[in-house]
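When the sequence shown is numbered by the UniProt record's numbering, its final residue is 256 and no position is left out of the sequence of numbers.
Treat the hints with care, since some could be wrong.
[Said to hold, decoys possible] Once the Cα atoms are required to be at most 25 Å apart in a straight line, the calculated SDA-like pairs of lysine to any residue come out as:
id, residue 1, residue 2
1, K66, G172
2, K212, G201
3, K29, H243
4, K97, K176
5, K253, G201
6, K52, N64
7, K186, L169
8, K170, S55
9, K52, Q77
[What the hints assert, rightly or not] Simulated DEER-style distance windows between Cβ atoms:
id, residue 1, residue 2, range
10, Q2, K97, 31 to 41 Å
11, Y232, D91, 36 to 46 Å
12, L183, G122, 39 to 49 Å
13, M159, P6, 29 to 39 Å
14, Q36, A166, 28 to 38 Å
15, I3, L63, 39 to 49 Å
16, K29, H193, 18 to 28 Å
17, V215, N67, 41 to 51 Å
18, P6, L47, 17 to 27 Å
19, A160, P6, 31 to 41 Å
20, Q36, D156, 14 to 24 Å
21, I16, K52, 42 to 52 Å
Since the hints were made in silico from the structure, they are not lab data.
What you are looking at is a predicted structure, and each value in this text was computed from that prediction instead of being measured.
Don't be surprised by glycine CBs; every beta carbon is placed ideally from N, CA and C.
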Amino acid sequence: RQIIEPEEEKQLRSKIPMLQEINDNVSIKVREQYEQNPYPRWVNTRLRLAPKPISAVTKEIELNIKNLFINEISSPQILVAGCGTGQHSIDTAVRFKDCDVLAIDLSLSSLAYAKRKTEELGISNIDYMQADILGLGALNRQFDIIESAGVLHHMDDPMAGWQVLADCLKTGGLMKVGLYSELARKHIVKIRHEIQQSNIGLNDDVMKSFRKIIVDSKEEHHNLIALPSDFYSLSEFRDLLFHVQEHRFTIPKIKD
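Turn these sequences into a full structure, and let the hints guide you.
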């Protein structure tokens with residue numbers, strides 16, 4: 001696995017198209033992070049037994065839709081903006097009946113990982129593309145459903161990115177967005193401040209040493225951070241505490 005799979009991903013990189021050059025400074029920094037540490041690394045995922053029409057999915061999650069137009073679409077066109085290593089795009093592709101998914105990400109390493117896993121699972125309704133959300137206007141395309149979870153808060157201006165996604169959504173379409181919560185990440189913010197104050201770098205050994213300090217600590221906010229599974233994989237640990245760009249949101253902030 002540690003030899004064959006990386007070689008497969010190297011070959012797949014050349015098969016993934018790029019929408020356009022990525023020029024935004026923050027996007028470049030975020031891309032570099034995920035080129036070094038594709039996130040998350042995974043082996044297995046639970047595939048849904050049978051895809052469902054949009055109407056069944058919205059009923060399942062008890063989503064109150066004012067415009068019923070979306071329920072009439074039989075072959076939804078879906079954009080997953082920021083697909084990472086493919087768990088999100090694969091889950092979406094097998095959730096909605098007769099859908100076609102375009103999954104984009106900044107990181108070619110993450111996309112190659114995603115494409116390998118997609119082919120491994122025999123899924124054929126996902127197209128992968130290297131792209132920045134800020135450049136999606138160049139697609140000249142709109143979608144019935146757009147999903148972007150854990151992505152916008154890593155942009156320089158999340159609301160500008162959100163507006164680009166809104167422009168790519170068909171009238172009456174559905175959009176799912178996942179953002180960092182200011183409240184839920186209070187303890188993480190405190191540790192990120194400690195990292196900045198201590199001028200801790202991104203060297204793997206340094207991050208591992210800092211992780212050991214947290215494990216041995218009696219501080220409450222350190223104990224809280226040691227609970228999630230993200231803590232024990234280096235790529236996920238870096239994403240959790242050492243991300244180059246992070247915004248957090250409250251409901252009033254989103255409303256404004």
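Taking each numbered hint in turn, which are not upheld by the structure, reported in ascending numerical order?
Hints 5, 7, 11 and 21 contradicted; others consistent.
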